[in-house]
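K.L.:
Listed below, chain by chain, are the residues.
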Amino acid sequence: MSQLTLTLIQLGFLALLWFMVLSVASVMRSDLFARRRAKSSARADARAARSAAKASAKAGTGTRPTPAARPKPGRGSPRQLVVTAGAQSGLSVELGATPITIGRAEENTIALDDDYVSGRHARVYPHEGSWVVEDLGSTNGTFLGTTKVTSPTVIPSSGTIRIGKSELKLRK
Amino acid sequence: MNAATAGAAAPPRRWAEAMLLVPALVIGIGAYAQVGLATDGSLPADFWAWSAVGVLLAVAAHVAVRLLAPRSDQALLPVVVALNGLGLALIARLDVAEALRAAARGQPVPTPTAPSQLLWTVLGVALFVVVLVVVRDPRQLQRYTYTAMAVGLVLILLPLVPVLGVTINGASIWIRVAGMSFQPAEVGKIALIVFFAGYLVVTRDALAVARSRVLGIDLPRGRDLGPILVAWLVSLGVLVFENDLGTSLLFFALFVTMLYVATGRRGWIVIGALLFLAGSFAAYQLFGHVGARIDTWLDPFADASGAGFQNAQALYGMAEGGILGTGIGEGSPDLVPYANSDFIIATVGEELGLTGLMAVLVMYAVLVERGLRAALAARDVFGRLLATGLAVVLGLQVFIVVGGVTGLIPLTGLTTPFMSAGGSSLIANWMLIALLLRVGDAAASPAPAPVPIVDDALTEVVPR
Numbered sequence: 001m002s003q004l005t006l007t008l009i010q011l012g013f014l015a016l017l018w019f020m021v022l023s024v025a026s027v028m029r030s031d032l033f034a035r036r037r038a039k040s041s042a043r044a045d046a047r048a049a050r051s052a053a054k055a056s057a058k059a060g061t062g063t064r065p066t067p068a069a070r071p072k073p074g075r076g077s078p079r080q081l082v083v084t085a086g087a088q089s090g091l092s093v094e095l096g097a098t099p100i101t102i103g104r105a106e107e108n109t110i111a112l113d114d115d116y117v118s119g120r121h122a123r124v125y126p127h128e129g130s131w132v133v134e135d136l137g138s139t140n141g142t143f144l145g146t147t148k149v150t151s152p153t154v155i156p157s158s159g160t161i162r163i164g165k166s167e168l169k170l171r172k
Numbered sequence: 173m174n175a176a177t178a179g180a181a182a183p184p185r186r187w188a189e190a191m192l193l194v195p196a197l198v199i200g201i202g203a204y205a206q207v208g209l210a211t212d213g214s215l216p217a218d219f220w221a222w223s224a225v226g227v228l229l230a231v232a233a234h235v236a237v238r239l240l241a242p243r244s245d246q247a248l249l250p251v252v253v254a255l256n257g258l259g260l261a262l263i264a265r266l267d268v269a270e271a272l273r274a275a276a277r278g279q280p281v282p283t284p285t286a287p288s289q290l291l292w293t294v295l296g297v298a299l300f301v302v303v304l305v306v307v308r309d310p311r312q313l314q315r316y317t318y319t320a321m322a323v324g325l326v327l328i329l330l331p332l333v334p335v336l337g338v339t340i341n342g343a344s345i346w347i348r349v350a351g352m353s354f355q356p357a358e359v360g361k362i363a364l365i366v367f368f369a370g371y372l373v374v375t376r377d378a379l380a381v382a383r384s385r386v387l388g389i390d391l392p393r394g395r396d397l398g399p400i401l402v403a404w405l406v407s408l409g410v411l412v413f414e415n416d417l418g419t420s421l422l423f424f425a426l427f428v429t430m431l432y433v434a435t436g437r438r439g440w441i442v443i444g445a446l447l448f449l450a451g452s453f454a455a456y457q458l459f460g461h462v463g464a465r466i467d468t469w470l471d472p473f474a475d476a477s478g479a480g481f482q483n484a485q486a487l488y489g490m491a492e493g494g495i496l497g498t499g500i501g502e503g504s505p506d507l508v509p510y511a512n513s514d515f516i517i518a519t520v521g522e523e524l525g526l527t528g529l530m531a532v533l534v535m536y537a538v539l540v541e542r543g544l545r546a547a548l549a550a551r552d553v554f555g556r557l558l559a560t561g562l563a564v565v566l567g568l569q570v571f572i573v574v575g576g577v578t579g580l581i582p583l584t585g586l587t588t589p590f591m592s593a594g595g596s597s598l599i600a601n602w603m604l605i606a607l608l609l610r611v612g613d614a615a616a617s618p619a620p621a622p623v624p625i626v627d628d629a630l631t632e633v634v635p636r
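Line order of the protein sequences matches chains E and P.
Per my numbering, residue 1 is the first one in the first sequence, and the count goes up by one each step.
Per my numbering, residue 173 is the first one in the second sequence, and the count goes up by one each step.
Hints are supplied without guarantee of correctness; some may be wrong.
[To be verified] Now the stretches of chain P that chain E is said to cover, found in silico as 3 or more residues with beta-carbon under 8 Å:
(1) 184–194
(2) 248–254
(3) 372–379
(4) 525–531
(5) 578–587
[Claimed, not checked] Going by beta-carbon spacing under 10 Å, a handful of chain E positions derived as facing chain P:
(6) Leu11
(7) Leu16
(8) Trp18
(9) Val21
(10) Met28
(11) Leu95
(12) Asp115
(13) Gly137
(14) Gly141
(15) Lys169
(16) Lys172
[To be verified] Quick list of the computed label-pair ranges, beta carbon to beta carbon:
(17) Thr109/E x Phe413/P: 28 to 34 Å
(18) Arg277/P x Trp18/E: 34 to 40 Å
(19) Ala85/E x Phe413/P: 43 to 49 Å
(20) Arg171/E x Leu397/P: 41 to 47 Å
(21) Val402/P x Gly12/E: 22 to 28 Å
(22) Gly90/E x Trp187/P: 26 to 32 Å
(23) Glu107/E x Leu397/P: 23 to 29 Å
(24) Val302/P x Arg79/E: 48 to 54 Å
(25) Arg308/P x Ala97/E: 27 to 33 Å
(26) Phe413/P x Ser89/E: 43 to 49 Å
(27) Val227/P x Ala15/E: 19 to 25 Å
(28) Leu325/P x Ala97/E: 43 to 49 Å
In case anyone wonders, no lab produced these hints; they're calculated from the structure.
Since we're looking at a predicted model, the values are computed, not measured.
Quick reminder that beta carbons are idealized off the backbone N, C-alpha and C, glycines included.
Construct all of the structure, not just a fragment, from the sequences and the given hints.
P.N.:
Following this line, the structure appears as structure tokens:
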């Protein structure tokens with residue numbers, strides 16, 4: 001085998017290694033690109049689906065939302081979740097199709113600055129026309145009125161959610 | 173529910189993975205062909221048989237992933253196949269060099285390593301499939317958090333059992349069963365990742381509580397220092413009783429990284445770094461072998477034919493390789509002791525050059541990136557921490573061993589995942605990839621829809 005052939009094989013092999021790397025990169029790129037496209041076309045849909053999937057994943061593991069009250073959405077349904085007591089008192093969040101997470105971490109929809117609140121503390125999400133509060137395994141618990149929330153529970157229209165030193169209410 | 177319709181989209185057909193497997197297999201097979209062509213002028217005698225085994229293994233793994241984890245990442249398996257194939261070919265290449273050298277000296281030809289490595293690869297792929305079959309949902313591992321801790325510790329400490337343990341080259345990290353030596357800590361690392369993930373899911377909120385703020389960094393409370401101190405002591409124990417720097421460093425770095433990821437507090441990194449510095453300084457003063465490693469690192473050429481021989485030969489080899497390398501089969505990587513296990517990266521550097529070495533390192537980076545991506549996509553905290561730990565341990569291991577071989581950090585002696593000769597490392601890493609695919613698959617799968625129940629004793633019903 002001549003040295004020239006061997007050198008060509010050697011260079012060909014290095015090219016092959018990088019061909020592999022670039023092919024992997026192109027698969028990763030198309031992966032990212034496809035996701036972005038899906039997001040821009042149906043961003044709201046995807047987000048709602050993802051969050052509902054999250055909620056149901058949690059529910060599927062053992063705790064299930066209790067469909068006690070099933071008000072029809074419309075005239076009487078709440079529009080806002082308002083912090084009524086605590087450091088962030090007055091803060092309000094519009095209720096939409098997506099769940100609202102509450103906790104100390106900044107990534108939460110409602111970030112409470114309170115040492116008694118866990119990083120991801122609780123979640124409020126729509127379920128069959130009503131709003132449900134679910135504790136996410138917090139250290140100090142989530143309370144609805146004076147009852148500790150152990151499984152996802154429907155929030156009554158006059159109910160107060162207590163998390164750490166803060167209180168939250170649904171508003172129309 | 174929206175989730176049912178959006179999430180229930182058909183899983184991908186995995187053509188991307190199938191397409192990527194082609195160049196991956198050509199890398200392994202082509203490298204093996206080169207070994208024969210460059211050293212002997214013809215293809216190796218068992219070339220077609222080996223190629224067939226390689227193709228069969230890759231197809232088997234691909235079919236298993238299609239059936240068992242159809243929504244998982246498509247780049248992981250091809251990259252692993254490429255690295256494993258390249259590693260096998262380089263080990264076979266070093267066998268040829270050993271045989272030639274022995275023949276030139278009139279000594280008996282040593283047993284080649286490559287056939288047993290191929291057997292371990294078969295076993296690795298088999299266990300890869302077994303893990304995919306047994307672990308159907310990553311959350312099922314969370315139940316075994318403390319079992320995993322016990323298993324992990326037993327596996328790490330097993331080499332200290334008098335009859336089982338074997339000391340090779342001063343490190344007591346092997347056990348010998350039925351004539352086969354095995355490094356149980358390699359499998360133990362996966363068990364420990366499962367434990368760290370399960371443990372941090374429960375404790376991360378408490379561990380994230382800040383006590384005081386120094387220089388813009390939140391420091392944790394004193395009484396929360398327990399876990400990190402235990403991890404530190406266990407790592408020091410591995411160092412003192414098993415003389416294994418690499419494993420010790422890997423475990424401690426892994427724990428500190430997962431602690432940081434779980435709590436988001438930079439204070440843990442600071443504390444981990446301080447403990448690490450204190451431990452390494454003490455080890456440098458107290459243990460001769462640690463001191464020798466550091467001296468060799470500071471100047472490998474001070475005693476280039478003695479203590480620094482291995483490092484110096486590796487550096488000479490990589491210098492010989494230069495940008496494009498000498499070509500597979502045309503360098504002399506066998507001059508480096510343990511070229512086929514801890515120093516396989518030096519062989520890559522010599523025969524494939526900087527160009528090839530960079531390609532290999534980018535492939536490892538891809539593994540880590542895809543692992544972290546699976547972690548980001550995971551729905552539950554346990555899955556996130558598990559995937560993070562698995563990806564981080566791969567990255568750390570490559571960093572520690574490549575850093576050691578290239579002289580960036582003191583040499584600590586770990587295997588290069590998927591490439592080094594050594595069965596325990598190979599099968600452990602195949603299992604690790606199976607778990608990563610499982611987390612990715614679970615993250616992309618549709619969630620089960622909630623089933624309404626009528627138990628509403630605690631719920632206040634407000635009539636409208």
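K.L.:
Next step is simple, just say for each hint if it's right about the structure.
P.N.:
Each hint, compared with the structure:
1. By the rule of at least three residues with a Cβ nearer than 8 Å to a Cβ of chain E, the coverage given for the region 184–194 of chain P holds, with 3 such residues.
2. Figure legend: the region 248–254 of chain P, annotated as covered by chain E; annotation consistent (3 residues with Cβ-Cβ distances under 8 Å, at least 3 required).
3. Residues of the region 372–379 of chain P lying with their CB closer than 8 Å to a CB of chain E number 3, which satisfies the three-residue condition for coverage.
4. Using a Cβ-Cβ cut-off of 8 Å, 4 residues of the region 525–531 of chain P lie near chain E, which meets the minimum of three, so the contact claim holds.
5. With 0 residues carrying a beta carbon less than 8 Å from a beta carbon of chain E, the region 578–587 of chain P misses the three-residue requirement, and the given coverage is violated.
6. The interface hint given for Leu11/E is met, as the beta carbon of that residue sits about 7 Å from the closest beta carbon of chain P, less than 10 Å.
7. For Leu16/E, the shortest C-beta to C-beta distance to chain P is roughly 6 Å, which falls under 10 Å, so the interface hint holds.
8. For Trp18/E, the shortest C-beta to C-beta distance to chain P is roughly 5 Å, which falls under 10 Å, so the interface hint holds.
9. For Val21/E, the shortest C-beta to C-beta distance to chain P is roughly 5 Å, which falls under 10 Å, so the interface hint holds.
10. Given hint, Met28/E at the interface with chain P, holds; its Cβ is 6 Å from that chain's nearest Cβ, closer than 10 Å.
11. Below 10 Å, beta-carbon pairs count as interface contacts, and Leu95/E has none with chain P, the closest being about 16 Å; its hint is therefore violated.
12. A cut of 10 Å between beta carbons decides the hint on Asp115/E: the least distance to chain P is about 7 Å, and the hint holds.
13. Restraint check, Gly137/E versus chain P: the minimum CB separation of about 8 Å is within 10 Å; hint holds.
14. Violation of the interface hint for Gly141/E is found here, the shortest Cβ-Cβ separation to chain P being roughly 12 Å, above the 10 Å cut-off.
15. A hinted interface residue such as Lys169/E counts as satisfied when its beta carbon comes closer than 10 Å to some beta carbon of chain P; here the least separation is about 14 Å, so the hint is violated.
16. Annotation: interface hint on Lys172/E violated; nearest CB of chain P at approximately 12 Å, more than 10 Å.
17. Taking the beta carbon of each, Thr109/E and Phe413/P are about 50 Å apart, not inside 28 to 34 Å as hinted.
18. Separated by about 39 Å at the C-beta atoms, Arg277/P and Trp18/E satisfy the suggested range of 34 to 40 Å.
19. A hinted range of 43 to 49 Å for the beta carbons of Ala85/E and Phe413/P is inconsistent with their spacing of about 56 Å.
20. The supplied range of 41 to 47 Å is met by Arg171/E and Leu397/P, whose beta-carbon atoms lie about 44 Å from each other.
21. A beta carbon spacing of about 52 Å between Val402/P and Gly12/E contradicts the range 22 to 28 Å that was offered as a hint.
22. Our hint of 26 to 32 Å for Gly90/E and Trp187/P is violated, since their Cβ atoms are close to 54 Å apart.
23. For the pair Glu107/E and Leu397/P, the supplied restraint of 23 to 29 Å holds, since their beta-carbon distance comes to about 27 Å.
24. Evaluation of the 48 to 54 Å hint for Val302/P and Arg79/E yields a pass: the beta carbon distance comes to about 53 Å.
25. Distance hint for Arg308/P and Ala97/E: a CB-CB separation of about 31 Å, consistent with the stated range 27 to 33 Å.
26. Between Phe413/P and Ser89/E the Cβ separation comes to about 57 Å, which falls outside the hinted range of 43 to 49 Å.
27. Take Val227/P and Ala15/E: their Cβ atoms lie about 22 Å apart, and the range 19 to 25 Å holds.
28. The supplied range of 43 to 49 Å is met by Leu325/P and Ala97/E, whose beta-carbon atoms lie about 47 Å from each other.
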